[in-house]
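Trainee: Given next are the chains, with one letter for each unit.
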Amino acid sequence: MLPGPSNDDRTSRREFVRNGLRVAGLTGAGVAVGALSHRGAAADTVWQIDPRKCLSCSRCATECVLEQSAVKCVNWFPICGYCDLCTGYFEPQPIGLDTGAENQLCPTSAILRKFIEDPYFEYKIDEDLCIGCAKCIEGCKLFGNGSFHLQVRHDRCLNCNECAIARSCPGDAFYRAPVEKPYYQFTT
Amino acid sequence: MGSIVGSRALYVVAAFLLLVAAVMVTGQLRESREEPWRSPELAKARASLLSDPKNESLKGAVRQLDQDLRRLYFRRLERDRMGAWLLLGSGAVLVMLARMVSESGRSARGGTGRMPSTAAGESVLSDPRPKSTGSDGLPVVWAAPDRHMTTRRAGLTLFSITGVWVLAMLGMGLFWKVRLPRLPETAVAALAHPESVGSGVVTGVLAVSAGPTLDEQARNWPRFRGADGSGRVAASDVPLLWDAKTGTGVLWKAALPLKGYSSPVVWNDRVFVTGGNREQRRVFAFHLDSGEALWARPVTPTNAPAPAIDPPDQSGQAASTPATDGVRVYAVFATGELGALDFAGNLVWHQRLDFKENGYGHAASLVVWNDRLLVQADQGAAEDGKSVLLALDTATGKMAWTAKRPVGGSWTTPLVITVGGKAQVVTAGDPWLMGHDVATGAEIWRAHVLGGELAPSPVFGGGRLFATSPGNALTALAPEGTGDITSAQVKWKLTDEVPDVPSPTVVGDLLFTANTEGHLICRDAGTGEKIWDHGFELEIQASPLVVGERMYLFGQPGNVMVVKAGRAFESLAAFEMGEDIYATPAVAGGRFLIRTDRNLYCIGASNAPAKGETNDVR
Amino acid sequence: MRWVNEHRARWRGVRWLAWVALVCLGSGIGFLALGEAAELRFPPPDFESGYSMPATQYPSARSQGMEWFDIAVLLATLGTATALVYAKRSRTGLAWLSGFSLLYFGFYREGCVCAIGSVQNVALTVFGTGYALPVGVGVFFAAPLLVALFAGRTFCAAVCPHGALQDLLLVRPVKVPRWLESGLGVLPFIYLGAGVTFAATGAAFLICRFDPFVPIFRLSGSLGMLLTGGAFLVLSLFVGRPYCRFLCPYGALLKVASALSRWRVRVTPDVCTQCRLCPSSCPFGIIREPDPGLMRPKEVSMARRGILVALAALPFLVLAGAGVGWVFGGAAARLHPTVALVEDYGDSLARGVPATPTLPERLALDRAERQSKDLLPRAEELRGKFRMGGLWFGVWCGLVVAMKWISLGMVRRRDEYQPDRTACFACARCFSSCPQERIRLGWSPAPDAVTTHPAIAAVHPVPSAKSGGCGCGPGATGGNP
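Protein chains in written order, with our numbering: chain A, 9 to 196; chain B, 856 to 1473; chain C, -7 to 473.
Incorrect hints may appear among the rest.
Simulated pairs of lysine to aspartate or glutamate, EDC-like, Cα-Cα distance not exceeding 20 Å [claimed, not checked]:
1. LYS61(A) x GLU353(C)
2. LYS122(A) x GLU40(C)
3. LYS189(A) x ASP52(A)
4. LYS909(B) x ASP106(A)
5. LYS61(A) x ASP1239(B)
6. LYS1419(B) x GLU1384(B)
7. LYS909(B) x GLU99(A)
8. LYS61(A) x GLU1212(B)
9. LYS122(A) x GLU353(C)
10. LYS167(C) x GLU958(B)
These are calculated hints, taken from the structure and not from any lab test.
With these hints in hand, go ahead and build the complete structure from the sequences.
Mentor: Written out as structure tokens, the structure reads:
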């Protein structure tokens, strides 16, 4: 089916050279594959944030190639203090400890505060609203337990070859996580 | 006809596409004003609500505004998403229409359609097409091209591209300012690779000792708690009483613009104090007689950026007391900036040390021994291996030796003592009290007598070292022998009433300890037995000073208590200065230099100012 | 970022909160160290109301299985494209396949994983440390090249979403002059060199960062890149595949591979009648006319001289490139975030830092200060690496220019109209323009003597019967004088 090389004498010499080079190329490719596989099986990786290095600079909200950043705030409940006065939820000088807009730190009102039992409140994050600005994270880290932390959400992240946020992260907090462990895990 | 309809549709779609694009671009440009967290309006409303929290209507307005802004923001996101798809869709339609129009235009002009289904097959071979255009209406190069022409032009293009490329690269390479800072000097290099500097290995050439004589030192106050770190001076005509409010006994008073918990140091007619905050850290020089502020200089060539080392207010950037050898004054800050200034305020050398693992900020004061500046840089946990004792050449700042320390962070000041005719530097860390050969840095002995967070510095008296482990133990030990001398040399050990912040003071065979609760205890230095105690019931942060027979205690709220440093309690005086005192004062030339939280006081008998020797500024 | 700063400034003011957190103070200088999560300021509560803690949701990353699926799709589309070019010889089929690839690799996979970018991953794997090549990326890099070694650039024809997008947009092709095309032909090689250099030093994935089409596939991106992408789209309406021809670094590799290809794309599998219809059917202008080769002695000697000059210039070009590259490398190191940070840090030592302690720039400088003992040597080391990288990049550029120069003097004898095998995207547009092909497919009636006597072509390239039948002017171009 495929057209063969020309029978022409002039071209057959060229064809010979080309064949030789092609074989050389294939051999080279084989050697390269061998060498690369020798370097260790490559696990796929995804981008992730190390909350310990995060400086809450708010660039996650602005640098992502997506219009709405793939980085969102996550509350890790096992270390959440369930504080009534949640420094991640409330403005520094709240007028009252209620859900009024004037008291909330979150610019998009993405944190949902729910009364559990005296004096504990649950704080859940509505990711559709969260823009990853890290305002709440700073408060929680400074005065609370640090259960709020930024994470790259893998249902949104495009896993760019070169993460635009990582490039401009002042804390160098981004790392390539193995795909089996795509989120930062706290150790307690 | 189809072509006309097609081209009209084309214009319509193109116009639509442009409209969508314009809307989206303007939306992008307006974006910043629409984001709720950037709205100056909202910020203003919130601020005014803060000053008037009871105003319900204002509160309502804030809530309304906040909601509107959020709604606007999410609507914009939605609009952008829609717009993108619209752009894409209309773009696709546009391209399809354009192809249609160009195809039909071509067939209208009598050319063959490229798709066999639209063109009559038989027309291909017999088609009398004009010779100059191809089926796409493109000009066709019929004749074999002028090969030389093509080659030459291609060559020209190639070389113009290359030329532009090379020029761009060269331009960037040559004119781009390369601004890598100088690599750090030896000290920092040694800190970076402590394992490369073996424990106690001499890395510098030991110079013939060149430094102030002991006598000179004793006359002055060159370091924290005096020349020998004991907080004790021989009898001197310092006043018993003074009154900061009326000025009785106050020779001068100078405002200190930067905070610090470090003590003043004095050499001849100079007084040096350090102070700092996140933005700047400086050494202040005053004239001892006049109180004239001579200069205030940082210890780096420029005021370097405040690093993120940001100790709590209660220890601050300037907790380390500077040290002087009469030629230069040496100061270190919690940021790790270490430098030497001559008496005229010129920076002689500077170093940058790494104190980032020090949770409360570096507080160990500097000590000069001969031509060596000793820096006890303890930080982190013992197993981190981050703690070192450094000896730097006082003239150049070059590292003389480095000793790795198996201890965690500490805030104590080293002490140079002479045992058996040999000078050793004693350091208190968690958990080891250690003695190093001050000339080489080699470890001589260590004792497991400390633990926890250490603030009081060790003191030496009567052949004994007294080491304080706050809330844990007070230990007396003879610094003799080598290796671990814990079991061999510990003379006594107390676990009750151990002082926490102020360092102990040895007067003859008595050991005085004070703690932050104002509890002063006098003990027998030989046995540790309590002889008497007294509660002042006020906070004491500064270490006591003993001048002759009097012991001066400085309460944190500004109280001064003078007691007799003897076997029985006897209160000599108690009065108030009215300003908070944290720093241990200095005594030299018959005067007290007292640093309060705002001012530096020089206290002395006004009728008999002991003239400081004039210092030649080298 | 002002809002962040204001917010932080206000936090600083809240002393009472700080005091709450600092309850556990011991001695005068003992303060709460900001510790690890192990020591929590507020112990998590023991609930009495039977409240159960919600599980924190962690949506999983795209599964490994999907990666294999991508590979399968790639191999299937590559196979299909090759079959469509060689067996079916169907432009329509390729157009549909392009549409599919555009939708799948482009709009569904959003341009990532892609063969063009994979070059950098390979470079990083080979030269970098601590990066291993994911299997999928490796296959995306290798498969199109291997196919090109045998069948030419069928990947470009209908598999690459970038190519597909530009190809489908092509409405009114404008002919780019041969000389311009030839001159601009060095750009992809230089871009390839730059991409590999920067990836190898771990500085940046230039090729990904400045890809004009990926933001369009994603429908989001920086305004600058979106506008660049838009400009490329508009350009694609009139210039066939501008990115593929004048920039694509992977295309440069494919060019080399397809130069060695076992089979080539032919306008017709039958005998070329030299009817001159095909060159104008190629929107990329790469169908070469028959060429007698160098015949006149004067031509031959001129060409030889040209090649000799180029050969003589080669070492100088390479050396000059190396020198320029070395100079450039030091400055280019700034593209590495670490070097940029350390340079800024150096600057700040002289000029001071932004006063606001919470600006991201200031935070970065503070980190540089904290980690200076690690970062400074690292930056110095990187600078050295970049100098070497720049040197090799310069050598590469010198070689590329020299090779291009040499190739300008080379003339090859051609007996028929045929696509330039290195530049041909295998888009199959020319097939249907060929009368022979139309006859073969039964779209045109077969005049006798066209297909029945293939041997004639070898004896006499311009059979008079066809010359007349074609009716397209004198057939003087290919004949022997």
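Trainee: Run the structure past the numbered hints and jot down the numbers of the failing ones, going up.
Mentor: Checked against the structure, the only hint that fails is number 9, while the rest are satisfied.
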